[in-house]
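Just so you know, the sequences run in chain order A and B. Taking this note's numbering as reference, the numbering of the first sequence is continuous, increasing by one, and the terminal residue is 260. Taking this note's numbering as reference, the numbering of the second sequence is continuous, increasing by one, and the terminal residue is 260.
Wrong hints could be hidden among the right ones.
As the list makes no split between identical chains, a pair holds if one copy fits it or if it spans any two.
Straight-line C-alpha distance at most 27 angstroms; calculated DSSO-like pairs for lysine-lysine [unchecked claim]:
no., residue 1, residue 2
1, K73, K36
2, K36, K47
3, K149, K190
4, K149, K206
5, K47, K190
6, K47, K73
7, K47, K206
8, K154, K206
9, K154, K190
10, K206, K73
11, K36, K206
12, K190, K36
In case anyone wonders, no lab produced these hints; they're calculated from the structure.
There are 2 protein chains.
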Amino acid sequence: MCELLAMSANTPTDLCFSFTGLTRRGGETGPHKDGWGVAFYEGKGVRCFHDPDPSASSRIAEVVQTHPIKSEVAICHIRQANVGGVCLANTHPFTRELWGRYWVCAHNGQLSNFSPVPGFYEPVGTTDSEALFCAILNHLRQQCDKTTPTKDLVDHLVDLATGYAREGVFNLLLSNGDWLFTYCSTKMASITRRAPFGPARLKDADVMVDFESETTPNDIVSVIVTEPLTSDETWDIYRPGEWRLWQRGEVVMAGCS
Amino acid sequence: MCELLAMSANTPTDLCFSFTGLTRRGGETGPHKDGWGVAFYEGKGVRCFHDPDPSASSRIAEVVQTHPIKSEVAICHIRQANVGGVCLANTHPFTRELWGRYWVCAHNGQLSNFSPVPGFYEPVGTTDSEALFCAILNHLRQQCDKTTPTKDLVDHLVDLATGYAREGVFNLLLSNGDWLFTYCSTKMASITRRAPFGPARLKDADVMVDFESETTPNDIVSVIVTEPLTSDETWDIYRPGEWRLWQRGEVVMAGCS
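The shape of chain A in the complex, shown without the other chains (with noise of 0.2 angstroms):
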């Protein structure tokens, strides 16, 4: 199994704090020491840091943690292989092309059943996520079109991901750079934040942040994890089946399946 972590925010804010909780995991606090990855949008374009190395020792991890990145939205993966080797092409987040923007997806889970379609856009790595990843994309660009609205698309990510999680565990982060479409199989959660900002502490490290003092009155800052990162504040845990698709920091659409 692995880890996620996404971000969506109002205003271009930095993940040093929250990275540094989930990387954590990967390889001290936690067993998910097979890679790591992380994607930061920047307007269209995105910035990918991926490693294969365990993100607590990695000294790639440490400059994405102290060395503040500012993102509006931004998804990140930290991994415990299962199928697939580990190595560079296996690792998450995944990005491709679609419409003139860049996609990013991580997903956590397996399933029993599934043999991905040949279509447009191919797995590069072994992992079934790439390949799931792939199939999503192949099937929004047969269905739909870049003018499609984004409900629309919604209702078709609704419809895959259910479908995916009848055969196994699907745990979903996907962002287009405008929007992030989080989908919960069996474990997720989020914390929304704004103002009267407060301090917080990591679960996974030493580490105390006092928001106030690095935010607007204005800024709104969403987390989205598998497991809640902060001992002190309190985490909208999903259900399974729920999702939620974020837009500057807030949900704006959301369901159960």
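Fit chain B to the supplied structure of chain A, relying on the hints for placement.
Okay, now just chain B, sitting in the frame of chain A:
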């Protein structure tokens, strides 16, 4: 204009020395301060770093200079913007997946009359370089498939490059992780280092390396750049219209159009 750098090697090799030289030209010894990027293949995977900030003062560039990332094919670019604003989405190299492989491209130049035909791959940013890359991949996807022999793919690439070079400046680095295609419209040089290895001194920084202490006798490492990076080695200058296909550090096909 921009500067290009690529490496092809028969064993995973780091790019620290050459990258250090090139990145000084990004705002220090040269004017290419509008961002930089580098892609390192590791097997079929690819690890990219992009930054719209000047490479000479980038914290992430510093990590890439000092943290050896070993690769058999790498492509790097430092940018001096002409078409397209300074932003992450306009920062080379660009990546797309085709036939289950990541294709990476960096380009230097400008075409006067290029207007891309809509196709499967679409640019995300606003550079003509990314539009050209998409046009090349759209052409290959239409005319070839994943079983097409490399020789035939290269014929297509040479035809396309020759056509583009007629319309302006078109210096190109393109790789699918297996081979590296290089096309010189105006300026390109290469060097192949093999045993007996000797020392080399950068032009752009007070840095010397003794390759003998960093290599084994079987290593073959070639570096391809816009302008030679060292002051005490003999570089092989491309003629205008010349192309070379590199694989495992050596030229495996070449010609002049």
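*Sort out which numbered hints this structure fails and list those numbers smallest first.*
3, 4, 5, 7 and 8
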